[in-house]
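*Asks:* Each chain is listed here by its residues.
2 protein chains.
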Amino acid sequence: EIVAEVAAFFTPKRLAGKRVLITAGPTFEPIDPVRGITNISSGKMGFALARACADAGAEATLVAGPVAQATPRGVTRIDVQTALQMRDAVMRNVLAANVFIGVAAVADYRPATAADHKMKKAGGDGLTIELVQNPDILAEVASLPNPPFCVGFAAESQNLDEYAATKRAKKRVPLLVGNLVQDGMGGDDNRVVLFDDSGRHEVPHGPKDAVAEAIVEHLAGMLA
Amino acid sequence: EIVAEVAAFFTPKRLAGKRVLITAGPTFEPIDPVRGITNISSGKMGFALARACADAGAEATLVAGPVAQATPRGVTRIDVQTALQMRDAVMRNVLAANVFIGVAAVADYRPATAADHKMKKAGGDGLTIELVQNPDILAEVASLPNPPFCVGFAAESQNLDEYAATKRAKKRVPLLVGNLVQDGMGGDDNRVVLFDDSGRHEVPHGPKDAVAEAIVEHLAGMLA
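In order, the protein sequences belong to chains A and B.
Residue 172 is where the first sequence starts when you use the UniProt record's numbering, and the numbers rise one by one after that.
Residue 172 is where the second sequence starts when you use the UniProt record's numbering, and the numbers rise one by one after that.
Each hint should be verified, as a subset may be incorrect.
Which copy is meant is left open, so a pair is good if it fits within one copy or across any two.
Below, a list of computed lysine-lysine pairs in the DSBU-like style, where the Cα atoms sit at most 30 Å apart [what the hints assert, rightly or not]: (1) 342 x 291; (2) 289 x 184; (3) 184 x 341; (4) 289 x 338.
Keep in mind that the hints were calculated from the coordinates and are not lab data.
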């Protein structure tokens, strides 16, 4: 903790005066009062980015899905469960933000209806869950009349460059951070590639805190 | 930790010589490499019971789904993800056990097929997931030719007494611990009711460690 404070003190304040809004973690989409659909996101990358932004002098607000992570020093945290709650929290805070970084692994789909009471096992063998699409928070933010500078994340299990380029174009975000699921999701380390108008920039494999600092460095350069 | 060791030292060894196999936590049933169906079980109750059994002198083995809990001192831990993996781990260890306590909130259903690669959002609005039923681990253990003494858990959101009695009869377990989801699941405290041949026994509301000790006390009485 002391080491972290000293390191933060010596970090150049390249995001001073910037308000950064970040989402992190998975979302949990209820099937009934106890069950739900979620994903293996640990929230570590988003929390590391919130910390790196705060260390770089930004006013950082973190909208977090259900994760077991400590709030970084100096970061304002808003806890949510579902994609719809995350969208609401983002929309209430995005107008004040200069930068939006969507790190959360937001569930693309949610059950069409959540049962009020715990579903009982039926006699039969199978069951079907109807899912409906969740809002695309990053795309909504990027489509605002006066959008903040938007940074997206793409976690893929294959064809990273192709998917990342497509996602960046479709959502119209200036900076997209791509990573292979097998490199990062759930773990302590990550290896990412940054995609922007000038091309493809590899960040060396390392602890998520170091990767987050490299992303913030690149971001600060684009904002300068 | 020192307090815990002192408390353990003074705990009567009412389960001395008993081998207890316990399941804890949720299971995670993959939809694809990152998504899955799970539940809000924290694993706290199962871990508290493993600790209480070990403190009471038992040789405790804990089969745990994905949770962020520290292994209690003196407990052997086996980590699993899915219901099928939990069933395998239980079946490999149950023949040596005198007591089986199924605390895990095992998913009743799993996706019929898990995609090898992360599913991409389709153009359309909806999606359907086909689910198939998972094995009922507690019922399988209770149906073994020479079953260990079986303790089941029932977490319900309503009609606790009725569901618990039905579950105890159907699975043929001598002791069933019932709790209302809203009282316990995910939290630090719990309030449970024990159902056995002699009727219904309320355990006072309290921290999960204290509730676990009361359950072990009752269990030891039944084994004596």
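*Asks:* How would you label the pair residue 289, residue 184 (within, between, both, or neither) given a Cα cut-off of 30 Å?
*Replies:* neither (50 Å within a copy, 38 Å between copies)
*Asks:* Tell me, please, which holds for residue 184 and residue 341 at an alpha-carbon limit of 30 Å: within, between, both or neither?
*Replies:* Result: close neither inside a copy nor across copies, 32 Å intra and 65 Å inter.
*Asks:* Is it within, between, both or neither when you check residue 289 against residue 338 at 30 Å Cα-Cα?
*Replies:* Intra 37 Å, inter 15 Å, cutoff 30 Å: inter-copy only.
*Asks:* At most 30 Å between CA atoms: does that hold for residue 342 and residue 291 within a copy, between copies, both, or neither?
*Replies:* Answer is between: at 15 Å across copies they meet the 30 Å cutoff, but 41 Å inside does not.
Checked against the numbered hints above, the structure breaks hints 2, 3 and satisfies the rest.
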